[in-house]
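Residue-level listing of the chains:
There are 2 protein chains.
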Amino acid sequence: MKSIDPWGSELAEDYGKIVQQFGLEEFTPKLFPKPNRIMRRGVVFAGRDLKPISNAIKNKEKFYVLTGIMPTAERIHFGTKMVIENVRYFQENGAQAYVLIADLEAMATRGVSLEEARKRALDFHIPAYIALGLDPKKTTFYFQSENKKVMHLAFEFAKKITLNEFKAIYGIADPGRIMSAVLQAGDMLFPQLEQRMPGIIPVGIDQDPHIRLCRDIIARTKSKYNFTPISSIYLKFTPSLDGEMKMSKSKPESMIELPEDTKSALRKMKNAKTGGRESIEMQRKLGGEPEKCMVFEMFKQHLVEDDKELDNVYKTCKAGTLLCGEDKQHACAYMESFMDNFIAQMEAARKRADRLKFITFK
Amino acid sequence: MKSIDPWGSELAEDYGKIVQQFGLEEFTPKLFPKPNRIMRRGVVFAGRDLKPISNAIKNKEKFYVLTGIMPTAERIHFGTKMVIENVRYFQENGAQAYVLIADLEAMATRGVSLEEARKRALDFHIPAYIALGLDPKKTTFYFQSENKKVMHLAFEFAKKITLNEFKAIYGIADPGRIMSAVLQAGDMLFPQLEQRMPGIIPVGIDQDPHIRLCRDIIARTKSKYNFTPISSIYLKFTPSLDGEMKMSKSKPESMIELPEDTKSALRKMKNAKTGGRESIEMQRKLGGEPEKCMVFEMFKQHLVEDDKELDNVYKTCKAGTLLCGEDKQHACAYMESFMDNFIAQMEAARKRADRLKFITFK
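Taken in sequence, the protein lines are chains A and B.
In terms of the numbering used here, the first sequence is residues 1 to 362.
In terms of the numbering used here, the second sequence is residues 1 to 362.
For reference, chain A alone in the conformation it holds in the complex (with noise of 0.2 Å):
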């Protein structure tokens, strides 16, 4: 099985296969009630174990989602985005959220003092998860370095597993990567200290390794702790806007974060490449390729809320009566507006930081 490094940057594009390679399940929106804009559109493309994450839904019955904020970045990307709406997607159907920050992993892997991290979390991240739409009345925040209980699930792990059977997963294996990796187990299973229940994490697929080994730990620890097993599901990567990778640092033009100067983004998105043909008349004549283009990508994944709009800009497109410059107009004005809207939702979760549901720990 091919093992992908979630510390690496690599684009993972053929996701049919890694279906099959990781043996997941394919994602359908059937399903969740009212499934969300991503999982509507295949972006969402897989998943395990949902069954028991559907049945808690239609049953009322407890479970939780929970996701991590590594508070090294200054700021977050597209792909967090979607992330966060799908938290905030199972928040809405019933899920206790639990949002860890890893500050502890930001001390060990990038030197970012704790105190730092704690900063920068209540400054920027837990307001930016805010505004992308988590209650944060609901919504349950600890810092990892706090957490005593996910320190010490991660000390017993170590012992669950061989160094073998870690590099099969992660295809590598080091001191700190084991670290990290058996201090998430931690964060996946804390919930599950007070009650067992299910729960779904939202990853990208990068992030599977992790996933697989909680599960490996959950099968190691049954007779002592028997978790239910943790469910995920897998978001496609938001593409670099030259189409060429997932949107990353590593090429800031075809990068939008999150917030953005918005002249910044509006010049990145106007460079975005798209899907039309050499010349007007082509175009006209062929019809553009949506499927080919990162504007339509980011109206698909971030910009179209409504599946009509959508599907017109996908038929217009396609017809050669809408042309890649007027396109780009109006995801101009979409991310404009989407990124004014952002920024003063995040002022204004700032405001309200103080009343979030914080873990003290003894």
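Incorrect hints may appear among the rest.
No distinction is drawn between identical chains; accordingly, a pair holds when it is met within one copy or between any pair of copies.
25 Å max Cα-Cα, derived SDA-like pairs, lysine to any residue [said to hold, decoys possible]: (1) Lys-119 x Tyr-225; (2) Lys-148 x Glu-194; (3) Lys-148 x Val-112; (4) Lys-62 x Pro-252; (5) Lys-308 x Gly-320; (6) Lys-222 x Asn-271.
No lab work stands behind these hints: they were computed from the structure.
From a predicted model like this one, the values you see are computed outputs, not experimental measurements.
Take the given structure of chain A and dock chain B to it, following the hints.
Same frame as chain A, now just chain B:
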């Protein structure tokens, strides 16, 4: 360089060779004022960076001595006793003494719950350590699982070493051992978080990999922490009573535990290997061989405090005037007195256990 696995139980006998191979300093009792019994008799055979400790004692500067309790065992053994005697020596000579209870490692390696580990440490190990001479009023105790700072250091340190470096030091690497090792490095440096100062760790040579790893980590984190390199002092093993290996549970008849039922302890002493000759006549003629005698080894390491008395045993044995039977009678008398006293001291220490100086963590 040969690596000794601190988790194994191989006997390292050729101490001279070890000093060379591991790049240790040979120990000389002149380094320290009023050296204790095991220092004077070469049972302490080597060290690392002993000069800063020697200077701290002479100049009455701050330094610390540290050891750990592994609360899995029901009893302790004579090797532990010597470690505690050295901790006591440095404590009496001005060191701040730290004793950590490795409940997190006990949970991780042996599946002992934190509650159970706490109970065992309070009921048995801590009173035993006090019975062996630690001053409870001057000793700082803490539970690893409660010490967030130690756990944070462990996670941070893991990123500072590669898998190959770990293998080079330990001869073996797996996630459990890695976690234990970085946790121990965290423990060893925890006393320096408040103030940089020399610190000495008395260990058996099998624990040297932990010392080397910690010293490597100190070098790697110099720019951030600038920890003072830790010093260490190495004790010879107490041999099994048949003289074939270090005293170990794998040979229960050749091992005396602390505490052990006096009858059982005396029976084992009576069966100990001596340096006696084939017949009494031969022994009268040639003299005995105290160098090969486990009874003499017990006298030297543990039972006879007075150097002159020990010297007298040696000489009369060599001269053939002291025979093994009589010698063992003395040994049994000493052992009985030691064991009775130890048990009484432990009982007394138990009653004082609530007055210990435990670190409490927020």
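Cross-check of the supplied hints:
no.	hint	verdict
1	Lys-119 x Tyr-225	between (35 Å within a copy, 22 Å between copies)
2	Lys-148 x Glu-194	both (14 Å within a copy, 21 Å between copies)
3	Lys-148 x Val-112	both (20 Å within a copy, 17 Å between copies)
4	Lys-62 x Pro-252	neither (42 Å within a copy, 52 Å between copies)
5	Lys-308 x Gly-320	within (18 Å within a copy, 107 Å between copies)
6	Lys-222 x Asn-271	neither (53 Å within a copy, 46 Å between copies)
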